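Asker: Next come the chains, spelled out residue by residue.
There are 2 protein chains.
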Amino acid sequence: MSVTAAAGFRAAGIAAGIKKSGNADLALVVNEGPRNEAAGVFTRNKVKAAPVLWSRQVLTTGALRVVVLNSGGANACTGPEGFQTAHATAEKAAEVLGCGAVEVAVCSTGLIGEQLPRPALLAGVEKAAGALAGTPEAGDAVAGAIMTTDTVPKQAAVTDPAGWTVGGTTKGAGMIAPSMATMLSVLTTDAVVSRPVLDAALREAVKYSFDRLDVDGSMSTNDTVLVLSSGASGVEADPAVFTAALTRVCRDLAEQMQADAEGVSKRITVRVTGAASEDDAVTVARTIARDALVKTAMFGSDPNWGRVAAAAGYADAELDPERLDVTINGVLLCKGAVVAGDRADCDLSGRDVLIEVELGLSGGAEGHVAEIRTTDLSHAYVEENSAYSS
Amino acid sequence: MSVTAAAGFRAAGIAAGIKKSGNADLALVVNEGPRNEAAGVFTRNKVKAAPVLWSRQVLTTGALRVVVLNSGGANACTGPEGFQTAHATAEKAAEVLGCGAVEVAVCSTGLIGEQLPRPALLAGVEKAAGALAGTPEAGDAVAGAIMTTDTVPKQAAVTDPAGWTVGGTTKGAGMIAPSMATMLSVLTTDAVVSRPVLDAALREAVKYSFDRLDVDGSMSTNDTVLVLSSGASGVEADPAVFTAALTRVCRDLAEQMQADAEGVSKRITVRVTGAASEDDAVTVARTIARDALVKTAMFGSDPNWGRVAAAAGYADAELDPERLDVTINGVLLCKGAVVAGDRADCDLSGRDVLIEVELGLSGGAEGHVAEIRTTDLSHAYVEENSAYSS
Numbered sequence: 002m003s004v005t006a007a008a009g010f011r012a013a014g015i016a017a018g019i020k021k022s023g024n025a026d027l028a029l030v031v032n033e034g035p036r037n038e039a040a041g042v043f044t045r046n047k048v049k050a051a052p053v054l055w056s057r058q059v060l061t062t063g064a065l066r067v068v069v070l071n072s073g074g075a076n077a078c079t080g081p082e083g084f085q086t087a088h089a090t091a092e093k094a095a096e097v098l099g100c101g102a103v104e105v106a107v108c109s110t111g112l113i114g115e116q117l118p119r120p121a122l123l124a125g126v127e128k129a130a131g132a133l134a135g136t137p138e139a140g141d142a143v144a145g146a147i148m149t150t151d152t153v154p155k156q157a158a159v160t161d162p163a164g165w166t167v168g169g170t171t172k173g174a175g176m177i178a179p180s181m182a183t184m185l186s187v188l189t190t191d192a193v194v195s196r197p198v199l200d201a202a203l204r205e206a207v208k209y210s211f212d213r214l215d216v217d218g219s220m221s222t223n224d225t226v227l228v229l230s231s232g233a234s235g236v237e238a239d240p241a242v243f244t245a246a247l248t249r250v251c252r253d254l255a256e257q258m259q260a261d262a263e264g265v266s267k268r269i270t271v272r273v274t275g276a277a278s279e280d281d282a283v284t285v286a287r288t289i290a291r292d293a294l295v296k297t298a299m300f301g302s303d304p305n306w307g308r309v310a311a312a313a314g315y316a317d318a319e320l321d322p323e324r325l326d327v328t329i330n331g332v333l334l335c336k337g338a339v340v341a342g343d344r345a346d347c348d349l350s351g352r353d354v355l356i357e358v359e360l361g362l363s364g365g366a367e368g369h370v371a372e373i374r375t376t377d378l379s380h381a382y383v384e385e386n387s388a389y390s391s
Numbered sequence: 002m003s004v005t006a007a008a009g010f011r012a013a014g015i016a017a018g019i020k021k022s023g024n025a026d027l028a029l030v031v032n033e034g035p036r037n038e039a040a041g042v043f044t045r046n047k048v049k050a051a052p053v054l055w056s057r058q059v060l061t062t063g064a065l066r067v068v069v070l071n072s073g074g075a076n077a078c079t080g081p082e083g084f085q086t087a088h089a090t091a092e093k094a095a096e097v098l099g100c101g102a103v104e105v106a107v108c109s110t111g112l113i114g115e116q117l118p119r120p121a122l123l124a125g126v127e128k129a130a131g132a133l134a135g136t137p138e139a140g141d142a143v144a145g146a147i148m149t150t151d152t153v154p155k156q157a158a159v160t161d162p163a164g165w166t167v168g169g170t171t172k173g174a175g176m177i178a179p180s181m182a183t184m185l186s187v188l189t190t191d192a193v194v195s196r197p198v199l200d201a202a203l204r205e206a207v208k209y210s211f212d213r214l215d216v217d218g219s220m221s222t223n224d225t226v227l228v229l230s231s232g233a234s235g236v237e238a239d240p241a242v243f244t245a246a247l248t249r250v251c252r253d254l255a256e257q258m259q260a261d262a263e264g265v266s267k268r269i270t271v272r273v274t275g276a277a278s279e280d281d282a283v284t285v286a287r288t289i290a291r292d293a294l295v296k297t298a299m300f301g302s303d304p305n306w307g308r309v310a311a312a313a314g315y316a317d318a319e320l321d322p323e324r325l326d327v328t329i330n331g332v333l334l335c336k337g338a339v340v341a342g343d344r345a346d347c348d349l350s351g352r353d354v355l356i357e358v359e360l361g362l363s364g365g366a367e368g369h370v371a372e373i374r375t376t377d378l379s380h381a382y383v384e385e386n387s388a389y390s391s
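Protein chains in written order, with the numbering used here: chain U, 2 to 391; chain A, 2 to 391.
Chain U on its own, in the form it takes in the complex:
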């Protein structure tokens, strides 16, 4: 069900003593080949964590043998010392696993602005290398070791009838994680795929999964999604079929992140239809998904559609109020930006909320549509995020 679902991968997750709690905090994912194609997508934040700077650099080769992941510290805003820690981590993994440091990516998650304990980290890499296995349990251990405020591990896999598999794990809930402690995800496949196909497939998959999850609009210093291909199935995957499978795994993981987001009491999907362009559809959906007044109303199970209409109205997208309809959980509440149905008919007592916004500017086969998943703004969110670093 995870990074070991595809053939050709071994993994381990152990407690290296980085987290004060003593919980698992270090993981290794190793591609045993025969192939070693890899692709990655990183945060667009201009303040990038040391492991992001390192991993982006090594990935320019389009190949990876190893990923080292740690929780318990983001290694962000840590300067040259932090970069040296990321570098030393890759060197240690290369040494114990018999490859080059340039074939090792590093991912970190946790509080920004503190140095990682380098000796513990390096000893942890050695310990994890001794525990490597290709079993489902080893995949579970990776999923467990990268958790921060996650309450459950997150894994997914898809097997294609042609004989290859895509699997993966993730942590965090988009940018909601405390201190931007971020999302990390490692995906593995045994399909035979060329580097350009792997790269294009990852970008497409991320665009329609992790990029469509927006919990609080904050962009992390550490976000990293990596995909590694071993080619161990010996089966060359059709690019379109592979992209669809990778997207399915990423969407599954993104939904698990939404369901486990900090302080979540409602899982909200904002669906915008009839936009002038796909970009506009995304912009309007994202603006509504980020609006604090919409999110607090949902927390209160209050079908306050006026806040949805107002958020759509200030989104940076084409909009004609006379064509703006708002439907919440199936009840049309606002037609042409005018009150329509009765709020009392709209039941928000459940855990899932669907906010549908029709912009009326495109339709049918040419209609531009987008969905953004988000969560409500609850007391638990405020509580978890108001006391993290201290």
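In short, the hints are calculated from the structure, not lab data. Just to be clear, a hint being listed does not mean it is correct.
Said to hold, decoys possible - Looking from chain A toward chain U, a few residues come up when the C-beta cut is under 7 Å (computed):
1. Ile113
2. Gly114
3. Pro118
4. Pro120
5. Asp217
6. Met220
7. Thr222
8. Thr297
9. Gly307
10. Ala311
11. Val339
12. Ser387
Claimed, not checked - Some chain A residues flagged as far from chain U (calculated, every beta-carbon gap over 10 Å):
13. Glu92
14. Val97
15. Arg204
The structure displayed is predicted, hence computed values, not measured ones. Where is the CB? At the ideal position from N, CA and C, for every residue including glycine.
Chain U is fixed; fit chain A onto it per the hints.
Answerer: Then chain A, alone, in the frame of chain U:
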């Protein structure tokens, strides 16, 4: 201290029965002349309330005699019926005060998506017309009648040694007001100022006051700021001096809005210096001020500067991490995007927080600087905004 501080104005605030609570909910501000220049700034939301559509239209003449304001309902998303209500309100005021409806602006605030009770509103206009006075108490009554979740009335005035006065009142806390119930502000002056000067002065004043207050990033359907000039002092104001006085009054009112924002436990000023442009300075300051993780950290009195650095890093502005410094309440915590001071030295126990971000891209007399005022994200904010319309 308010809309009646300048000569040539009479005002009234009464209970018209729009609010179920029976509290004051309707106000009139009447310019007795001899002059009647006016200017206005309205929400840029594409979904505009009926009174905004009406007032924007009548203000194209650059003249106003009367402003009618009501709380208890925003008259937004109310369609043709709502527009007819705004129109009928202006007609009624024109009739009882002996002017044209085209000289009457209308402002509304409250829940989006419900029709105002038109008979109560029109009877209220008549009742308020009978209560008009040029006294400070009449100004107080206006400030009281436009309050929604405000806990205190908000008024300010400045008198110039040359012999003229600018006064005003406001309600709301930027866009934080529930259901985008918005900010409304009426400013009055007895200075002699031409229409172009009045218009330019208002835009400048709003830019450096209300536009620099950002509580939750939401833009209302009803935001309106109006300035009326009676010229009753007979003194022609120097444009620059007048602009400075108007800006002072608006900044004073904006600070009162910040201090009374919903759920506020911290008054936060984000000051960005050394930006590549003034627009960049505003963008970075606003991005930090809107970041939910920064705002929850401040609520928890947690000097989590990593969240500030991360928010600066995802702002759509020029930024070089190696020059990024973050100082909170006077303690330099981050230099060149690297941990510097000790969090423990940073005392956030008080009500005021100053977050200083130096971008290092400009300096001295050519330095680009901006300040945005905001508040923390507290349990009280979630509480007040999770149960409003129902």
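Asker: All hints, please: hold or fail.
Answerer: Hint-by-hint comparison with the structure:
no.	hint	verdict
1	Ile113	3 Å, holds
2	Gly114	4 Å, holds
3	Pro118	15 Å, violated
4	Pro120	19 Å, violated
5	Asp217	4 Å, holds
6	Met220	4 Å, holds
7	Thr222	5 Å, holds
8	Thr297	4 Å, holds
9	Gly307	3 Å, holds
10	Ala311	4 Å, holds
11	Val339	4 Å, holds
12	Ser387	3 Å, holds
13	Glu92	22 Å, holds
14	Val97	30 Å, holds
15	Arg204	19 Å, holds
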